[in-house]
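Novice: Using the hints provided, position chains B, C and D relative to the given structure of chain A.
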Amino acid sequence: MIPLSWYLIVAALLFSMGLYGVFARRNAVAILMSVELMLNAVNINLVAFWRYLAPDQVTGMAWAIFVLTVAAAEAAVGLALIISVYRNRDSVVAEELDLLKN
Amino acid sequence: MNIAELFPKLLDLTVFDYLRSVWGNAPWVEVVLDIIAILTVSTFALLLVFLLGWTERKVLARMQDRIGPNRVGGRFGQLQMVADVVKMMTKEMIIPAGADRIAYFAAPILSLMTSLLLFAVLPFAPGLIGVDLNVGVFYVLSISSVSVVALLLAGWGSNNKYALLGAFRSVAQLVSYEVPMILSILVPILLARSMSTVGLVEAQPIPFFFYAPLSAVIFFVASLAETGRSPFDLLEAESEIIAGFHTEYTGMVFGLFMAAEYIGIIFMSALFVTAYWSGYRLFGLENVVLNGLQLGRILGFLVIAGKTAVVFFLFMWIRATLPRFRIDQLLNFGWKFLVPLSIVLIFVVVILDKVLVEVGLVGGSNEVVRMGIHLVSNLLIGWATIEILRRRAKTARQDYEAEAAARDAARVTAPAHAD
Amino acid sequence: MAEQITFIIGSILALGAGFIVVTNRNLFHGALALMISFLGVAAIYLSLDAGFLAAAQLLIYIGAISILIIFAIMLTRRMMQTTEDPFNSQFLLALAASVTVFAILFSAIVYVWPLTASNSVPLAAKTAVADAVLQDTVVNLGSAFVGADGYVIPFELASILLLAAMVGAIIVAWPKPEDVA
Amino acid sequence: MNEETLQTLTWLIPAGPLLVFFLIVLFTKHNRTLSWLLAWAGVIASLIMGWTVAFNLFAEDPHHLAEHPTVVQSALNWIPIGAFSSGNWLKMGVAVDPLTAVMLFMVPFAVFMIFIYSVGYHNYGQGPAHKRGVPPHPSEEEPMFSRFFAYMSLFAGAMLLLVVADNLLLLFIGWEIMGFCSYSLIGFWYARNYHIEPGGIPHIPPRQAAVKAFMTTRVADVVMMLGIVFFYSAFGTLNFSEALSAHGLEHAAEMVGVGALGIMALLLFTGTVGKSAQWPLHVWLPDAMEGPTPVSATIHAAAMVSAGIYLIVRIFPLIAVGIEGNPGVGWVIAGIGAFTALMAATIAVAQNDVKGVLAYSTISQLGFMVAAIGIGAYIAAAFHLITHAFFKALLFLSSGSVIHGMEHGAEHTHDHHTDPQDMRFMGGLKDKMPITFWAFVIGGMALSGLPIVTAGFWSKDEIFADAWYQWAHHQNPAGLFVFIVLALAAFLTAFYTTRQLSLTFLGKPRHQLAEHAHESSRFMTVPLMALSVFAIAAGWFGIPEEFPVLGPIVNNNFFHHFVAATIEETMHELETLHLVGHGLEVLPFQWVPLIASLVVALGGIGVGYWIYGRKPLAEGQPDPLIKPLGALYPFLQNKWYWDELYQIVFIRPVVYFSEVIVYEFMDKGIIDGIIHLVARTFFTIGYYARRAEMMIFGDGVDWVKDQFLKTVRELRYFQTGRIQEYTLVSMLLASALIVLILAINYDLFATLF
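Chains as they are written, first to last, in our numbering: chain A, 833 to 934; chain B, 468 to 886; chain C, 5 to 185; chain D, -15 to 737.
Extracted from the complex, chain A is given alone in its bound form (with noise of 0.2 Å):
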């Protein structure tokens, strides 16, 4: 059997390496590639505290099914404003787009 940790610290490690990449990476798709990763790994989180400890209930299967549609939302509204800054500055590196600096 495989104990719930191990799920948990899978994800967890999911999660720093999205956090990772939120932070380090210069390419705004990449940092949406980034947020998606750990959405993927709140899922598992999700998913496998309904299969431990509730399983019974929909609970944990609902809420990963609404992390989905909140991911499919954020997906296409953040892409379509990288674009719509692609556009205007010609740049989709993260670093740049600091128009309220100092």
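Just so you know, the hints here were simulated from the structure itself, not pulled from any lab data.
Watch out, some of these pointers could steer you wrong.
[Unchecked claim] Using 30 Å as the maximum straight-line C-alpha spacing, the simulated DSS-like pairs for lysine-lysine come out as follows:
#1 B:Lys554 with B:Lys628
#2 D:Lys492 with D:Lys599
#3 D:Lys414 with D:Lys599
#4 B:Lys821 with B:Lys803
#5 B:Lys554 with B:Lys525
#6 B:Lys861 with D:Lys13
#7 B:Lys803 with C:Lys180
#8 D:Lys416 with D:Lys492
#9 D:Lys414 with D:Lys611
#10 D:Lys652 with D:Lys689
#11 D:Lys13 with C:Lys180
#12 B:Lys821 with D:Lys75
#13 D:Lys492 with D:Lys611
#14 D:Lys13 with B:Lys803
#15 C:Lys180 with B:Lys628
#16 D:Lys611 with D:Lys599
#17 D:Lys115 with C:Lys180
[Said to hold, decoys possible] Residues from chain D that face chain A, not an exhaustive set, calculated with beta carbons under 10 Å:
#18 Arg706
#19 Ile707
#20 Gln708
#21 Glu709
#22 Thr711
#23 Leu712
#24 Met715
Note that this is a predicted model, so its numbers are computed, not measured.
By construction, the Cβ of each residue, glycine as well, lies at the ideal position given by its N, Cα and C atoms.
Specialist: Just chains B, C and D now, kept in the frame of chain A:
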């Protein structure tokens, strides 16, 4: 283990049980059996390509008043496909300069892989199925949506603008037609109250085609588009973008794409048969037992093979008959016609069927009444749709004619004002 | 046995491909790796008896989101010089931060969880549950989503969210008239 | 009618107009006839269902009602709280008790009348409009006709939702939808502009008025939301019938204390202060007159301001308990109400805008109701709410008709510069617009409280009676205070109403606009006539039984018994629990308030007629009050300078604060100062280090100094505008926090070391 014992087990599908009894209960046994099953289904699917590739060439030739393959392997060119495969395998594989090699090679593999994966949930005969998932149809849809990725990879990896354009087009087409396909196959799912493919077949003493012919037609059209068949063959429209996403592929790599395409077509035909034409069922043939031998299994398999062949013939017929759509017409047709129609259809079917089942018109002799009512509602919707289309076409034609007349008039009077 | 294998393969795919996603210079390959990572997550779902969610993962993440991302990459491909550094100036600090976060999560899972969870919560083993219950999960999920005693409001809100996101995305990405000319 | 049918009907009451909103927005394609037909259909459906439900309750036995006040109760599970299938739900539902029933009688009817009127008001001309977003000339059609009806339907639907809501959250949802609708309707003519001559009365354009109304009510709503949160935490539910039962209140009083319940009542009351335009948040309402007149009628009669009063009437048991626990609460509510009533009445005396007078009279009358609640006159407040809604709707619609007539005059004379709303240019409209005149007279007399006949007299009289009873029987000084102040306000009310009537209708036309005015179309006059009936007859249902002569004849104070049934039982139980001093009381007949109300009403009308009506103003003659009032007159005319005061007290300081304190002082001074200080310190250190290095060390210190300088420069660019860096920092801080919490909670340091 001997062959004499094995053969009858093959017929009544207890061969795996037999093998288990021979090999024991070691953990590796299940893994080996799984691999055997996977290999069997995949090999079967791949072998079908040989048969159907040849058939299509023959049929198309006949329809175009030609003879078709007639040299290799005798009068009918039976070995033409074998020769083709040998040719493709021996051809040089040319990789374009600047290709993204990972994407370039991942594409055909992914393409073939997704096509083969689809066969896992296809019920060939009673009890003869790779795996009976309770979300079988959903699985099919998920896998076929993954196959879109293969086209993108091919288009990007080839480093060729025609390939990339072709990939863009293909993705637009496939993603668009996924929607009506999902929406229309919801109708049999709702009627059967099951997403499993076996559940679909089991729920069809009367084929669902007679319940919802409109949904069947939509599904058929969408599956034509999903497999990139004529008249939706924009994926490879030779006259416009050379060969679409597989322009840069040669040799066996191209062969993989072709195999994947044929397997996809076969599967779509088989799924159509499963969802609307009661799959392997035909007047109880699938349950025949002769001398304790499960003859029904073989008969059921033959039944679904026959039905699939008919649908596949329909595919070929359409390919030989209809001209190609333009990309904007294609997308408009999908989004502005098929999608709304199938949404309306789903609403009607859901409400109607809920009412019918609540009233108790389900099962046994009542099933005919249920079918009749669904059929009438479907035909009504179809008639209304055609009526609406006819009127709109009429006004559009009148507008166009008025415009043309105005243009003509302008042309006649124009010289007077000229200069 | 099969479950462990699925889990291990899934984890390796998810984590390995995830690593490629965050480190790769070539964005397109990053997107491919992302897809593989999603596939690995789907495998993890399978090992958790959530077949429906695995299929949904394929359909939505690979079939929709990944394709969307690849499209975006292709549309902004002029910016995709693989020569330039994929990381910004704070990558070391970022590394430290994410390692810290992982350390916190890890210690929470390994050290703190056993302190909080009473012994009644089974951590090592899955709750034994009949196959029929798992088979019914999809049915229950369906009725929970549309039932009055379930998630019908959040479900409808999610659909409105998707609709709004779709409209918003179209409007945001729509070329302005002056851009076209 | 069985219970289930009633439940279904109640759910459907707000559904019609809400649905119509979407239908008009999505499907009518600016088809004018279709739009108003749809809007009518929606509100008629609400009217039929609302009256069906209301009359079902009217027919019930009051004693039976008193035992089970909530006749209709139906709730849906809304959002699961806690684990799925744990059975904890946030519920949303509808409920109907007698109070709801009288509102259901009033709201849909008044709204329907306004809808009928709106068709005539907007649909006069047939030609295309010259511009969107400004009032169309009489010969043009309103270009945003469909939009108007869509918003109005949403408004009506939200009000009905608020009325039938069985919990505070659903009520708040309706409340906020109305806030949005009032914003978009007040600013309906968004492109309108005014040229104010220097020295004239400040006059803001509709779009600013809309923002002002929205922002002012928002201030109150934030506080109200705090109240809702407090309510939930104290009662554990937002449901009225659960929370405001004797049991629920007792429980909450034990939980948080009686004094805290008073605070909660005040927090919720703040919502009323904003919505019902009480001092000090009354400033938005007069400017809300910038909307089309039907909107003014809706906002000030049927819907928006009534909602605020409805809220405090609805939560009356809570307020009563709060007052008992802390009499200051009662003083605050009664004081604000009474002060508002008097202040607004004085302002109304000096207004020249025909709608401006009505706006201030609305504020004043709302003050009456709030003051009534403050002294515990529950039924009187509810009664005045209903009668006021009828006669104020009538007055607004009549004034709209007058303006309309004046605009016809403007169209005829091509004079588009004279303000058609200014009463100084009117006069002599009695013969030109007879129906409007009589409607205005009936409404005006109801507002003045003309004895015996009109509805306003009976409801106002009841407030006086309650106030006097508080003083005479319970020796409550608040009662006397309210009594005196309201009597003054009532006198002024009668006075300015008579002034308005005289200026508008009597004498000879003082301007060519008035000369060419004529009666409005039937779409506008029919609602006036219908509302006139109610402005008179609504009062007859609340005649006290002991009233001389009339009381024994009618012998059935229907309204009193009916509405009292809502909380009679609860208040009785609360009395036995000693949470309130006394339950709902049946007042004995008292001569003092009756005489007072007769005197102020007749006196006000008399004085008004003596000054304005006896010898109507001639053209160009100044207002006769200007001379005797002296400096007071501009003070009143400029609305006590509240707007200017707020400009000085609130707006300028905020601007100053953000400009000077935040930007100049904190940003530039402290933050930059620290950075500069650090820089200078290290620079100095570096300087001396360099000096030292010259003598002692060499390059090593140079390097150190460079590093210091570099760090300092980095520090200055701490605000990078880069989202990634911000997230990184916040993540690090969050991590530190989590570690800290975990460490404290689980004594991690002990485990680790």
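Novice: Does each hint fit the structure? Answer for all of them.
Specialist: Against the structure, the hints come out as follows:
At roughly 28 Å between alpha-carbon atoms, B:Lys554 and B:Lys628 fall within 30 Å of each other, so this suggested pair holds. As the CA atoms of D:Lys492 and D:Lys599 are separated by approximately 11 Å, the hinted pair is consistent with the 30 Å bound. Under the criterion of a C-alpha separation no larger than 30 Å, the hint pairing D:Lys414 with D:Lys599 is consistent with the structure, at around 15 Å. Distance hint between B:Lys821 and B:Lys803 is fulfilled; the C-alpha atoms sit about 28 Å from each other, no more than 30 Å.
The straight-line distance between the Cα atoms of B:Lys554 and B:Lys525 is roughly 19 Å, inside the 30 Å bound, and the hint therefore holds. About 24 Å separates the Cα atoms of B:Lys861 and D:Lys13, which keeps this hinted pair within 30 Å; it holds. Straight-line distance between C-alpha atoms of B:Lys803 and C:Lys180 comes to about 24 Å, which keeps the hinted pair within the 30 Å bound. Distance hint between D:Lys416 and D:Lys492 is fulfilled; the C-alpha atoms sit about 11 Å from each other, no more than 30 Å.
For the proposed pair D:Lys414 and D:Lys611, the alpha carbon gap of about 28 Å is at most 30 Å, so the pair holds. Of the pairs offered as hints, the one joining D:Lys652 and D:Lys689 holds, with about 26 Å between alpha carbons and a cut-off of 30 Å not exceeded. Distance hint between D:Lys13 and C:Lys180 is fulfilled; the C-alpha atoms sit about 26 Å from each other, no more than 30 Å. The straight-line distance between the Cα atoms of B:Lys821 and D:Lys75 is roughly 28 Å, inside the 30 Å bound, and the hint therefore holds.
Distance check on the hinted pair: D:Lys492 and D:Lys611 sit about 23 Å apart at the alpha-carbon level, within 30 Å; holds. A threshold of 30 Å between alpha carbons decides the hint, and for D:Lys13 with B:Lys803 the separation of about 20 Å falls inside it, so the pair holds. Taken as a hint, the C:Lys180 and B:Lys628 pair is honoured in the structure, with Cα atoms around 26 Å apart against an allowance of 30 Å. With a CA separation close to 17 Å, the supplied pair D:Lys611 and D:Lys599 stays within the 30 Å bound.
Proximity of D:Lys115 to C:Lys180 is assessed by CA-CA distance (about 27 Å); at most 30 Å being required, the pair is judged to hold. About 5 Å separates the beta-carbon of D:Arg706 from the nearest beta-carbon of chain A, less than 10 Å, and the hint is met. Checking D:Ile707 against chain A: minimum C-beta separation of about 7 Å stays under 10 Å; hint holds. A distance limit of 10 Å between C-beta atoms decides the matter here; for D:Gln708 the minimum to chain A is near 6 Å, and the interface restraint holds.
The criterion of a C-beta within 10 Å of any C-beta in chain A is met by D:Glu709, whose closest approach is roughly 8 Å, and the hint holds. Contact between D:Thr711 and chain A, as hinted, is supported at the beta carbon level, the nearest pair being about 7 Å apart and thus within 10 Å. Taking 10 Å as the C-beta contact cut-off toward chain A, the hint placing D:Leu712 at the interface holds, the least distance being around 5 Å. With a least beta-carbon distance of about 7 Å to chain A, the hint placing D:Met715 at the interface is held under the 10 Å criterion.
Taken one by one, the earlier hints all hold for this structure without exception.
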